[in-house]
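Engineer: Listed in order, the protein sequences are those of chains X and U.
The letter at position 256 of the first sequence is residue 256 when you use this note's numbering, and the numbering goes up by one with no holes.
The letter at position 249 of the second sequence is residue 249 when you use this note's numbering, and the numbering goes up by one with no holes.
Derived from the structure by calculation, the hints contain no laboratory data.
Be careful, since some hints might not be right.
Unchecked claim - Straight-line alpha carbon distances no greater than 20 Å define the calculated DMTMM-like cross-link-like pairs of lysine to aspartate or glutamate that follow:
| id | chain 1 | residue 1 | chain 2 | residue 2 |
| --- | --- | --- | --- | --- |
| 1 | U | 6 | U | 201 |
| 2 | X | 224 | U | 102 |
| 3 | U | 206 | U | 279 |
| 4 | X | 21 | X | 78 |
| 5 | X | 133 | U | 221 |
| 6 | X | 173 | U | 84 |
| 7 | X | 55 | X | 73 |
| 8 | X | 2 | X | 86 |
| 9 | X | 173 | X | 231 |
None of these values were measured; they are calculated from a predicted model.
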Amino acid sequence: MKLLEYEAKQIFSEYGIPVPKGALIRAPEEAAAHLPETGGAVVLKAQVDVGGRGKAGGVLFADAKTAVDTARELFAREIKGIPVREVLIEERLAIEHEYYVSIAVDRSSRQPAVLFADAGGVEIESAASAVRKVIVSPLLRDIPPFLMRELLGGAPKVLAPVINRLYRVFQEKDAMLAEVNPLVTTPQGVYAADAKLIVDDNALARQGIAVNRDLSEREREAEKHGFSYVELDGTIGVIGNGAGLTMSTLDLIEFYNGRAANFLDVGGGADQERVMHAVRLVASMPDVSVIVVNLLGGITRCDEVAKGIIAAGVAPTVIVRMAGTNEAEGRQLLGEHGYRMLESMDAAVRAAMEVAP
Amino acid sequence: MIYGDKSLGVIVQNITGRQGMFHTELMNAYARDLGGRGVVAGVAPGKGGREVHGVPVYNTVKEALREHDATRSVVFVPGGAAGDSIMEAAHAGITLAVVITEHIPVHDAMKAIAYARLHDCTVIGPNCPGLLSPGECKLGIMPAHLATRGNVGVVSRSGTLTYEVVDELTRAGIGQSTVVGIGGDPVIGQTFVDVLARFEDDPLTKAVVVIGEVGGNLEEEGVRSTDLPVVTYIAGVSAPPEKRMGHAGAIIEGGEGDARSKVRRLAALGIPVASRPSEIPGLIREVL
Numbered sequence: 001m002k003l004l005e006y007e008a009k010q011i012f013s014e015y016g017i018p019v020p021k022g023a024l025i026r027a028p029e030e031a032a033a034h035l036p037e038t039g040g041a042v043v044l045k046a047q048v049d050v051g052g053r054g055k056a057g058g059v060l061f062a063d064a065k066t067a068v069d070t071a072r073e074l075f076a077r078e079i080k081g082i083p084v085r086e087v088l089i090e091e092r093l094a095i096e097h098e099y100y101v102s103i104a105v106d107r108s109s110r111q112p113a114v115l116f117a118d119a120g121g122v123e124i125e126s127a128a129s130a131v132r133k134v135i136v137s138p139l140l141r142d143i144p145p146f147l148m149r150e151l152l153g154g155a156p157k158v159l160a161p162v163i164n165r166l167y168r169v170f171q172e173k174d175a176m177l178a179e180v181n182p183l184v185t186t187p188q189g190v191y192a193a194d195a196k197l198i199v200d201d202n203a204l205a206r207q208g209i210a211v212n213r214d215l216s217e218r219e220r221e222a223e224k225h226g227f228s229y230v231e232l233d234g235t236i237g238v239i240g241n242g243a244g245l246t247m248s249t250l251d252l253i254e255f256y257n258g259r260a261a262n263f264l265d266v267g268g269g270a271d272q273e274r275v276m277h278a279v280r281l282v283a284s285m286p287d288v289s290v291i292v293v294n295l296l297g298g299i300t301r302c303d304e305v306a307k308g309i310i311a312a313g314v315a316p317t318v319i320v321r322m323a324g325t326n327e328a329e330g331r332q333l334l335g336e337h338g339y340r341m342l343e344s345m346d347a348a349v350r351a352a353m354e355v356a357p
Numbered sequence: 001m002i003y004g005d006k007s008l009g010v011i012v013q014n015i016t017g018r019q020g021m022f023h024t025e026l027m028n029a030y031a032r033d034l035g036g037r038g039v040v041a042g043v044a045p046g047k048g049g050r051e052v053h054g055v056p057v058y059n060t061v062k063e064a065l066r067e068h069d070a071t072r073s074v075v076f077v078p079g080g081a082a083g084d085s086i087m088e089a090a091h092a093g094i095t096l097a098v099v100i101t102e103h104i105p106v107h108d109a110m111k112a113i114a115y116a117r118l119h120d121c122t123v124i125g126p127n128c129p130g131l132l133s134p135g136e137c138k139l140g141i142m143p144a145h146l147a148t149r150g151n152v153g154v155v156s157r158s159g160t161l162t163y164e165v166v167d168e169l170t171r172a173g174i175g176q177s178t179v180v181g182i183g184g185d186p187v188i189g190q191t192f193v194d195v196l197a198r199f200e201d202d203p204l205t206k207a208v209v210v211i212g213e214v215g216g217n218l219e220e221e222g223v224r225s226t227d228l229p230v231v232t233y234i235a236g237v238s239a240p241p242e243k244r245m246g247h248a249g250a251i252i253e254g255g256e257g258d259a260r261s262k263v264r265r266l267a268a269l270g271i272p273v274a275s276r277p278s279e280i281p282g283l284i285r286e287v288l
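Assemble the whole structure, with the sequences as input and the hints as a guide.
Structural biologist: Take a look at the structure:
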């Protein structure tokens, strides 16, 4: 789950990473109460979860006189379709130099990778070649000095402790990504001008995060049943077991020029009740006229699946392909209730295409 | 076959859980038919002294290995505790840990895999169905009845999609040497590169099916690393774009973890890419 900038900055601050003085406001008038004592300039940043926020108009600059009006302007905006409900108001930093630093999970080496560039800012992606990368053993608590020297190159040594604190955040907050872009030097010292933190969805519970905000309400409902579920915009409902097989079923629908309405992976060992909930959930989408159920595996009992489909009793046509224990019993049950069970996923998808071309 | 044969003893961690019990019996049924050793002991903290389908249970891996000759473990320990169990196995002398568990926090996986490597323990998974060398041995939860012995290796990030492909191959009369599910998580012990290297050293394996998914670039890495004839299939070409992992992810992965660009890059390497699972047997025949 991706944290918003102000949440990430709060955590950074707890770990001793300097962040600009600021406050979260929920109405434009509140800006007046959070102006810097020095009377200096401020930056107003929409707290919305979108990439390229600055370019999309989500970051505005102001001074003491214009802060409230500028905040009003920002609260009235939609940033890439998302309304602005919270704004972070911060003192504007006197930036000397911008750097880029991030720590991510490197799939290839199976270890944390720390990335650093002498030039931060919005164009970092196109400057990939200028980025230095070191791999740190996950068994170490800190980035060892020799790796830090390699990472920083000629950049100021004052950045090192800040990067080490970021590494602690990455480890202790179960982050998939901890990024500061830009990390800036000012006459007053080093600051994290921006902050991005993505927490591993498999570690939300131990991080004390109860609700995964990245999920829609229906997706959360699906999650309660243990399904992974994504809504799409087609007409053919899809229920599978295992992410790969379910994805492959969606691909096959596209291969035959159909449009899938959803992705629903029921997970391992689906029983009657889970199958029933899955079928009902998919059938509840208004555009769905046919549902392809594609289940395969050692644990899945086909008679249980058949009973679940029959118990769901939904209006859209349900076409089944399944293989596993008690296949013959399942086929018989489905046949008795007028459902079709086909031998292969190709055949099942083709049959669905005849119902919802 | 790769990753060892039926003569090697196996333990099951969390053998008293529902999945652990169920699959212990299935693994042992498979071993019995083939004269293999199968699961010789189980581990469940606090439950030492019990038996599961005739297999003795111990409190720790160390105790189990004191009483039994085993080098391989199948791990069914749930998410938050699984990392620790992998380290326990490696520390006690297990040399191959097959981790079925899903939802392991990625930091736990990174630590456990690094620790296991220090102890010369190979980790397959997490979030994987394990491996099956048809007619030889089975470690994990793959349905053995779909497979048949032959000379095509299968390596996959998926579970059920692997069974689908194995089923297609078997129906087409193409047997498998070993089928390996490496797991669908971002951090896994054995990647395509590692498994393909084992297949290269395996006299039985003449060609390999590589089954990939959206995310990362491990498929390309693997395919580039091997001289064996390879056929690939990538699931997820119709999937909406993955939520990008910020700039860092884009930089590490060259900005291209989606299935379509993956398919393009594999095709550019001259590798046959099936557009659906049912095309795989035909493509395999062409490279054999």
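Engineer: Next, verify each hint and record whether it holds.
Structural biologist: Taking the hints in turn, this is what the structure says about them:
1. For the given pair, residue 6/U sits about 18 Å from residue 201/U by alpha-carbon distance, which is consistent with the 20 Å threshold.
2. As the CA atoms of residue 224/X and residue 102/U are separated by approximately 17 Å, the hinted pair is consistent with the 20 Å bound.
3. About 19 Å separates the Cα atoms of residue 206/U and residue 279/U, which keeps this hinted pair within 20 Å; it holds.
4. Simply put, residue 21/X and residue 78/X have alpha-carbon atoms about 25 Å apart, too far for the 20 Å limit, and the pair is violated.
5. Only pairs whose Cα atoms come within 20 Å are accepted, and residue 133/X paired with residue 221/U is accepted, the gap being roughly 19 Å.
6. Simply put, residue 173/X and residue 84/U have alpha-carbon atoms about 18 Å apart, close enough for the 20 Å limit, and the pair holds.
7. At roughly 16 Å between alpha-carbon atoms, residue 55/X and residue 73/X fall within 20 Å of each other, so this suggested pair holds.
8. Between residue 2/X and residue 86/X the CA atoms are separated by roughly 16 Å; this keeps the pair inside 20 Å, and the hint holds.
9. Only pairs whose Cα atoms come within 20 Å are accepted, and residue 173/X paired with residue 231/X is rejected, the gap being roughly 30 Å.
Of the hints listed earlier, those the structure fails to meet are numbers 4, 9, in rising order.
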